[in-house]
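Protein sequences appear in the order of chains Y, F and G.
Note that the working numbering has the first sequence beginning at 7, numbered continuously upward.
Note that the working numbering has the second sequence beginning at 802, numbered continuously upward.
Note that the working numbering has the third sequence beginning at 11, numbered continuously upward.
Derived by calculation from the structure, the hints in this document are not laboratory data.
Here the structure is a predicted model, which is why all the values come from computation and not from measurement.
Ideal Cβ positions, reconstructed from N, Cα and C, are used throughout, including at glycine.
Take these hints with a grain of salt, some might be off.
[Stated by the list, open to error] Stretches of chain Y that chain F covers, calculated by requiring three or more beta carbons in the stretch to come under 8 Å of a beta carbon on chain F: (1) 160-166; (2) 171-178; (3) 181-187.
[Unchecked claim] With a cut-off of at most 20 Å between alpha-carbon atoms, the simulated PhoX-like pairs for lysine-lysine come out as follows: (4) Lys902(F) / Lys95(Y); (5) Lys266(G) / Lys101(Y); (6) Lys95(Y) / Lys40(G).
[To be verified] Computed Cβ-Cβ distance ranges for the label pairs, DEER-style: (7) Leu216(G) / Ser880(F): 36 to 42 Å; (8) Tyr63(G) / Ala260(Y): 34 to 40 Å; (9) Val104(G) / Lys50(Y): 56 to 62 Å; (10) Ala190(Y) / Pro133(G): 27 to 33 Å; (11) Gly21(Y) / Ile162(G): 24 to 30 Å; (12) Glu977(F) / Arg291(Y): 23 to 29 Å; (13) Ser267(G) / Trp226(Y): 36 to 42 Å.
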Amino acid sequence: MRNKVNLAKDKFMTGVFYAVAGFFLLLLFAFAGYVIIKGFGGAKLYMFSFTRSGIGNQFFNTVYLVFLSLVISVPIGIMAGIYMAEYAKEGKITKFLRICIETLSSLPSIVVGLFGYLVFIVATHQQWNLFSGALAVAILSLPLIATTTEDAFRSLPDSYKKGSIGMGATLRQTIITVLLPAAAPRIITGVILAAGRGFGEAAALLYTAGMSTDINWSSWNLASPTCALNPFRPGETLALNIWASRTEALGADATQIANLSSAVLMVMVLAFSLLAHVLEHRIRRNMGEKA
Amino acid sequence: MRVNDNTIRADEDLYEMQADRIDKSLEKDADHTDDSTASRVSEKFSVKDLNLHYGTFHALKDVSIDIDTNAITALIGPSGCGKSTFLKTLNRMNDFEEGIKIEGSVQLDGQEIYDRAMNPIELRQRVGMVFQQPNPFPKTIYDNVAYGPRIRGIHKKSELDEIVEKALTEVGIWDEMKDRLKKSALGLSGGQQQRLCIARTLAVSPEVILMDEPTSALDPISTMKIEDLAMELKKKYTIVIVTHNMQQANRISDKTAFFLLGELIEYGKTSDIFLNPKNKKTEEYITGRFG
Amino acid sequence: MTDTAAGAVNRKNTATAEQMDFKTKEGIWKVLVIACGLLMIILPLAIGAFLIYRGGATFTKYGHSVLKFLFSSNWNPADDMNGGGHVGAAVYIVGSLVTCGLALLISVPFSMAAAIFMTEIAPKTGNKILRPAVEIFVGIPSVVYGWIGLTILVPFIRKIFNLNQGFSVLAAGIVLAVMIFPSITTLSADAIRSVPISARKAAYGLGATRWQVISGIVVPAAQPGILTGIILGLARAFGEALAVAMVIGKTRSLPKSILSPTTNLTSAIASDMGGAMEGGEYNAALWSMALLLFIISLLFIFLVHFVAMKGAERNKK
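Starting from the given sequences, assemble the full structure and let the hints guide the process.
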């Protein structure tokens, strides 16, 4: 009798688990599908334009800002990861360093945004600009890049290092010519994930990158405040554009524009996540082959 | 060199080796009566009262040993006896291990290797190492062999080509490899990988090659080829090999050192050690009564 | 980066010049690596220092008590340098706590079920489909969640409960729940996966059903890891700004039920900081909120370490 109850319970719970998993998958597909279909479905051609009425400029700002932030965070993050994997000796300072990185990675992005606002905007008497936004996003992605680099280095077989050192290479030569290339696929996966997160970041940019954008696509003078490539101009990103559309009815089509921005962001994020997954899958498969 | 006549060559070597051995023993006998400085010429390493501690563990106890030039010296003993630890002290591969303390004297050509004046990087360029597991870098075959010359500043293609060919020829795999130099070294068989690793070491023209159980991960045929190679290489290089395989030590080495619990129990001509060991423990070990 | 070799610049140079060049390279490299490592320490410290400096002004320059800031609901800071207003942030704090609490209530059961599904019930499908799907969820920007919350969830809640407006604690709780669900799920799944197979085999060998093994052996063994996942999820919910701000209604009053609108710490900072005068009392009060957020996230990290330590102790016994 008791056994029967147990078996029934087991079956019931298994059903519950399947239901939750199914519900969850459905939710994701529905969510992503809804955002993308509604965004592109309600879009008119002019909304894609690189003018004030389209989101082209915001799209450009998003990509440019993330690019700038990676230019800053990738070298620093990789070097910090190398420090942790190869140079840091276990001890109090390293322990503290780990806690610091954890702190950095769990900081609310709005707090980082405020810090950026204070240091990059208020203290330097600048107006809101892309570069400050990029710095704020760089701070947010540093811990991710540093920890993936460290993990990537730690997961390499010890024999690479031994082999290289045994031939009279210095630690620096070993790191640059053997370890870093071997760890590169994993690090790149981390960088892609960081980029994906950067695209969607908004809270950290509110008070750093600013909420306006004005690009004159015929001006290529870097010092001009309307030149697309000038990093010291304000640059509203797609995510900020969505935030801005929440209350202010800026125009009759504000809702559709925000829908489209959401859809574009969604596609970018999905594409980058997929890319990271494919890469990771490749790495796993390659490791399997070697074993 | 020529792969095919390896076996024949091995036989020739055997004769040579035996002849050599007789010469050497005559020399040694003469030395006993002579002034000890005369023998210095033929000694590559001269180790005196070497003590090594890992934290509280006393891993090497008062080891004193002279290692002959252009000869194969085998280090034998049960696991954990200190033979690998001793091998690593010869090119300071243990610099990277923490909590290690070394006392005593280790001289390479009369030069103290734990002296401040000795650069460990230069030392490892002179004293190369081959590891238990073949450890090619995740690079092409060519890049593996060219690695050492490159980190030493050789970048001219013709020069590198020459070095790569010479090194691969020396280990007898040039013919197999010449058409696939740009393929990944990880695709090679274990025996090929190990010979590639030896070639990688030879490419920087070391004076000494340390081998840490180089055949323990290989099949019998590959093992035989590596042994033949070692006997061929000793004409130009001094070889110190750690092995678990008694027959191997017997087959290829000129001198054998038996380690037990961190102590050098017995050291002498291989034929003496195997035919009439002076120490009871040595006898027990080589006859397979423990270990 | 490619030219790494010793003295590669000009091998014909004298040996000493080569060595100098080599030494400089080694030196520069080491300084760079250590500097980057140090930066990771300096950054959070600098952020903390700036927050204390700006947020502390409420209590030093404007002389308010910390207790009042935390527990009074009288919020009326003066937007000038003279001060004299009231800075009771209790409404914001309660708003944050209530929405995050609700988010946890919603997402924890779902996360647990999903985590168990992909580790114990159907590891193959779980690893192939569910895991990547969950990881994609992590990457969806919070403003997109907020935007969908604003355009679908809020009208939906208004309709279903027949309210004047749908902005509510419930809407914020649901949006946050969806946002933190992936983090909790992946971390819990990792924890469950690390429970040794032998423990499971032993239980199955005694004739236990799968559910008995899961509820009696696996989940209890994975408890510290699961708790860590929940804490980190909570930390993310606490720090989330824009998604919540879009659906919470931003009404400065304590919520009467989960259907009433309220406000929280992050929405206040996000929407009011731009308008507040630099250095004024209002501005300082908002910085104090940011400082509070910083302290709370430190607290969460402390908690995670505490849980991990307890878990390690338990495993030793």
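Starting from the hint 23 to 29 Å, judge whether the C-beta atoms of Glu977(F) and Arg291(Y) obey it. For Glu977(F) and Arg291(Y) the Cβ distance comes to about 27 Å; the hint holds.
For a C-alpha distance cap of 20 Å, please report whether Lys266(G) and Lys101(Y) respect it. violated, 45 Å
Evaluate the given range 56 to 62 Å for the C-beta pair formed by Val104(G) and Lys50(Y). violated, 44 Å
Can the stretch 181-187 of chain Y be counted as covered by chain F under the rule of three residues or more with Cβ-Cβ separation shorter than 8 Å? Result for this restraint: holds, n = 3.
Check whether three or more residues of the stretch 160-166 of chain Y sit with their beta carbon closer than 8 Å to a beta carbon of chain F. The restraint on the stretch 160-166 of chain Y holds, since 3 of its residues have a Cβ under 8 Å from chain F and three suffice.
Using the C-beta atoms of Tyr63(G) and Ala260(Y), is the stated range 34 to 40 Å upheld? For Tyr63(G) and Ala260(Y) the Cβ distance comes to about 38 Å; the hint holds.
Is the hinted range of 36 to 42 Å satisfied by the C-beta distance from Leu216(G) to Ser880(F)? holds, 39 Å
Given the hint that Lys902(F) pairs with Lys95(Y), test it: the Cα-Cα distance must not exceed 20 Å. holds, 17 Å
Verify this for me: three or more residues of the stretch 171-178 of chain Y with a beta carbon less than 8 Å from a beta carbon of chain F. holds (count 6)
Satisfaction of hint between Lys40(G) and Lys95(Y), Cα-Cα up to 20 Å: The hint holds at about 14 Å.
Outcome of range test on Cβ distance (Gly21(Y), Ile162(G); 24 to 30 Å): Between Gly21(Y) and Ile162(G), where Cβ atoms are some 29 Å apart, the hint holds.
Confirm or reject the claim that Ala190(Y) and Pro133(G) have a C-beta distance inside 27 to 33 Å. holds, 30 Å
The structure is inconsistent with the numbered hints 5, 9, 13, although it conforms to all the rest.
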